[in-house]
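Using the sequences and the hints, build the whole thing.
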Amino acid sequence: MSEASSALPHPSAFDGRIRARTRFLVDFLKIAFESWSGAFGITILGFIIVVAALSPWIAPYDPIANQFNAAGQLKRLEPPSAAHWLGTTYYGLDVLSQMIDGSRIVLIVGITCASFIAIIGTNVGLVAGYYGGRVDAALMRITGLAFGIPFIPFAVVLVALLGPSLWNMILTISLLMWRTTARVIRSQVLSLRERAFVKAAKIAGASDVRIIYVHIFPNVLPMTLLYVAFDIAWAVLAEASISFLGFGDPNQVSWGQMLYLAYVSGSIRQAWWWTIPPGLGLSLFVISVFLVGRQYEKLASPRLR
Amino acid sequence: MPLFELDDVSIAYHSRDSAVFAVNRVSLGLEVGTALGLVGESGCGKSTLALATLGLLPRFANVWHGTIRFEGHAVSQMADRDLRTLRWRRMAYVPQSALASLVPVHSIRRQFRDTAAAHGMRAAEADRRAAELLRRVELDPIVLDRFPHELSGGMRQRAIIALALLFRPPLLVADEPTTGLDVIVQRQIVNLLSNLRRTEALSLLFISHDIGVVAELCDRIAVLYAGEVMEEGPTPEVLASPSHPYTMGLARSFPDVRAPDRPLVSIPGHPPRLSEVSNGCPFATRCPFVRDRCRTEKPRKTVVGRDRSVACHFADEAPRMRTIATRPGIWEEGGAAA
Amino acid sequence: MNDQSSIVSFRDVRKHYLPHAAMFGKAPRVRAVDGVTFSMAPGRVLGIAGESGSGKSTLANLLVGLERATSGEVEVDGQVMSARPNRGLRRTVQMVFQDPFASLNPRFTVGRSVEEPLLIHGLGTTVERHAQAIAALERAELRPGPAFMSRYPHELSGGQRQRVAIARAVVLNPKLLVADEPVSMLDVSVRAGILRLLRRLVTEQHMAMVFITHDLSIVAHICDELAVMYRGRIVERGPVRDVLRAPAHPYTQALIDAVPIPDPAAVARDLPAKVLAGSGDAPAAHGCPFAPRCIHAIPQCEASDPPDFFVAPTHVTACIRSAELRKAAP
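Residue numbers (this note's numbering), protein chains in the order written: chain A, 1 to 305; chain B, 1 to 338; chain C, 1 to 330.
There may be inaccurate statements among the hints.
To be verified - Dumping the calculated DMTMM-like pairs for lysine to aspartate or glutamate here, alpha-carbon to alpha-carbon at most 25 Å:
#  : chain 1 : residue 1 : chain 2 : residue 2
1  : B       : K301      : B       : D17
2  : C       : K327      : C       : D263
3  : A       : K199      : C       : D215
4  : C       : K274      : B       : E138
5  : C       : K175      : C       : D257
6  : C       : K274      : B       : D140
7  : C       : K274      : B       : E31
8  : A       : K199      : C       : E67
9  : C       : K274      : C       : E181
10 : A       : K199      : C       : E75
11 : B       : K301      : B       : E237
12 : A       : K199      : C       : D270
13 : A       : K199      : C       : E155
14 : A       : K199      : C       : D257
15 : C       : K274      : B       : E317
16 : A       : K30       : B       : D17
17 : A       : K199      : C       : D77
18 : A       : K30       : C       : D99
19 : B       : K301      : B       : E317
20 : A       : K199      : C       : E181
Claimed, not checked - Beta-carbon label-pair distances, calculated as ranges:
#  : chain 1 : residue 1 : chain 2 : residue 2 : range
21 : B       : R306      : C       : P307      : 57 to 63 Å
22 : A       : S115      : C       : A135      : 41 to 47 Å
23 : C       : S71       : B       : A19       : 57 to 63 Å
24 : B       : G269      : A       : V26       : 32 to 38 Å
25 : C       : E73       : A       : V209      : 26 to 32 Å
26 : B       : G269      : A       : V209      : 52 to 58 Å
Hints are computed from structural coordinates only; laboratory data are not their basis. Only a predicted model underlies this, so the values are computations on that prediction, with no experimental measurement involved. Ideal Cβ positions, reconstructed from N, Cα and C, are used throughout, including at glycine.
This is the structure we're talking about:
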């Protein structure tokens, strides 16, 4: 080990971080496959991700193009056939293509909302938990407000004010759902800030910001990531609910919207090929996320293994 | 017949793909009316033994080999239902942290009643016994209506001891009852246990890392290291003339407040993890007298004198080793003295 | 002894806590530190011994600036120590904690933990910091240093973790090290090694050290002077061997008598029941805090605060009857 003679940073200073990151990913996948439920979950999720990524290329038809038969009639409410594996909707649109296209929304909404929720909730939790006192009281009051507001009515009002676009929906969901993360992170921080290593950092002269983000945050990160997993599922369900009620983005195909249109067109009883796929798709997605998240809990707290 | 006996006992902790042995072929006996002290550092298996005695091992641990006998019954093989008749009535347990073992939202009276009810004593008699026992441990019975957090550490520990004596058990298993207490409070508890031994005809299995307390309370001492017994015998003899290098080092690492100039010893290295299994003597990696045989062959129990035993290949060289052990230099890192 | 060259100076320092408005109407102050005055020369090791409730941990917090005194002056290296000391003062005094595991960030490697103080103060380049961390680890007898840099705390034994904590504390070359029960959670067979390490570092780095402990048996092996605390006050202070061999305060005597003797051949001196009876309620505002438990107490003990009595030029105690008791005792 040579002393500081060259200008380059010493390789071992970075090794640890890179090794840690790849080890984390490998560990994550390994953990997911450790049980049948986890393997199932991650397979479904993987499948949905692949479909969403490749959707423009694998959808057999344009999801918003009306399908006509040889005689020029609209293929309305056709049951599954060789040409249309999942049949057509009341409006003559191919269900399979809609499912494939809708998977994109699932992922976009899920991941975007979960990220926003994680950022807002974690920071609120960190600041409230660390500073305590009036700051904590104020932030917790706001959090309590977020808990008190019922989601659907709030969504309806916001959509009425801002218009039904995808981004407004993401905004709506993110504005309310950070509350649980905030509370959970805060309680973790409350116990962490009393630990000796935090005091050691203070005594060494670390500023509050440094202590919060460099020392405490890495220790709450596993919990944050865990909640990100669950929040993806909640966000997707939230979007589906809003869309089902008719407040979704009319220009975006989503599974919730498919259910809405099926309902609104009166076909919900007969066209099982139109209602089951989106319902099943949403259920499978949510279940998978929960199953994988549960496996991840074991990574975050090894005692559960 | 000894009141309590460990016969070639091994206790294993199981994880999904492996098992580690916290206790490895330990044989010890406790005669009626005596006190045996189990001394050792972290990982020596003493707490595991204490739990196993009362059948309180967690689900993922079990007595893998050997038998634990109490009053002739093989308690390590008994079903929990049968063990319950023995537990608390014939053998009771005093845990290390009273705060962790008392229910924080129940009054002391309620704890007594609940324990009594679990083992077949009615509430009225429980109350009577509780008041009597609290007085015996020098607590005012008014404590019965207090909650654990309202009592000081010493008072809680005494309450726990009183609770253990509810059914006048002949055997008390005490797991580090004085650790974490202030020194004056510790003196109280040690005095109390000493008195109780006489007045209640109590036999005591006393587990501690503190040789000083064991020296005062126990007739016999067993020194454990990495789940094995290194040495065992009457306390004054073992401490005055230890036969095992670990005992020699351990005894010298305890400072004596009245002899501040006696040099303090520190054994280099650290106690091994449970997962680090060795075919030879577990102390080989830290022993200043280590020889090749120590690393490959496990020492057998050698009888020394009338009622002492030691597990060391070179037990007959003990007097020589003892003399060398008094030189602090040999306990330095790399200071071998075979 | 309050001259400019003291590394530590406490002048009538008090730290009182007001608990939450109590549920039953009473809200007595907790007088954790209740009028402590002392100073300490650089390069010396001062032991502070006491039981729980003595105020020793609060004293440690005041020394390192984790808490601010309610009244009185706390000075370290000639500067006033408050709850938000300046950067310079933060480099002057460092702390080693009791729990070796909790004092290291579980997500940091050993190297990262030891480099953190250097990072905070922006000292050196990446390579220089790396080298300094290795040097600090090797000074703490963790060799080879580079091998330890990438380990995590959970991979190490208790003694090794404490050495890492010590390396982190000395990497900035502080003038004062506050060690709060640094060995009480370690196995007995490794304690002496840590104590020797601390002693060596004190000498090599010309540091002063305040060593806080509840275990009187180890103070003689590391401290030059010993101060005994009871209920927020220092009841005795002097050269460590003098205090242990010929204690001038009844509480010190009780502490010494209470320690179990590892030598079974020795006969233990028993403690008077009054002392054993325990502390009970909070002490009164005036008078000797130990008076309710002291077998030598006279009415005057509870009436007024005991003055300082000098047994010897550097050995002082707060007991009115110290002189006559020492004459009477063998």
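- [ ] Mind checking the alpha carbons of C:K274 and B:E31 for me, to see if they're no more than 25 Å apart?
- [x] The hint is violated at about 35 Å.
Open item on the list: Does C:E67 sit within 25 Å of A:K199, going by the straight-line distance between their CA atoms?
Closed with: Measuring from Cα to Cα gives roughly 11 Å; hence the hint holds.
- [ ] Return holds or violated for the Cβ distance of A:S115 and C:A135 against the range 41 to 47 Å.
- [x] holds, 42 Å
TODO: Starting from A:K30, check that the Cα of C:D99 is at most 25 Å away, please.
DONE: Distance ~33 Å between A:K30 and C:D99 Cα, so the pair is violated.
Open item on the list: A:K199 and C:D257 were given as a pair; does the straight-line alpha-carbon distance stay at or below 25 Å?
Closed with: Between A:K199 and C:D257 the Cα gap is close to 35 Å, so the pair fails against 25 Å, i.e. violated.
Task: CB-CB spacing for A:V209 and C:E73 relative to the 26 to 32 Å hint - done: holds, 30 Å
Task: Distance restraint between C:K274 and B:E138, which requires alpha-carbon spacing of 25 Å or less - done: holds, 13 Å
- [ ] Quickly compare the C-alpha distance for A:K199 and C:E181 to 25 Å and report which way the hint goes.
- [x] At roughly 15 Å apart (the allowed maximum being 25 Å), C:E181 and A:K199 satisfy the hint.
Task: Hinted pair A:K199 and C:E155, Cα distance within 25 Å - done: Measuring from Cα to Cα gives roughly 22 Å; hence the hint holds.
- [ ] Could you check the hint for me, namely that B:G269 and A:V26 are 32 to 38 Å apart, CB to CB?
- [x] Once the Cβ atoms are compared, 33 Å apart, the range 32 to 38 Å for A:V26 and B:G269 holds.
- [ ] Please work out if C:K274 and B:E317 have their alpha carbons no farther apart than 25 Å.
- [x] Status violated; Cα separation ~49 Å.
Task: B:G269 paired with A:V209, Cβ distance criterion 52 to 58 Å - done: violated, 41 Å
Against the hints set out earlier in the document, violations occur for numbers 1, 2, 5, 7, 9, 12, 14, 15, 18, 26.
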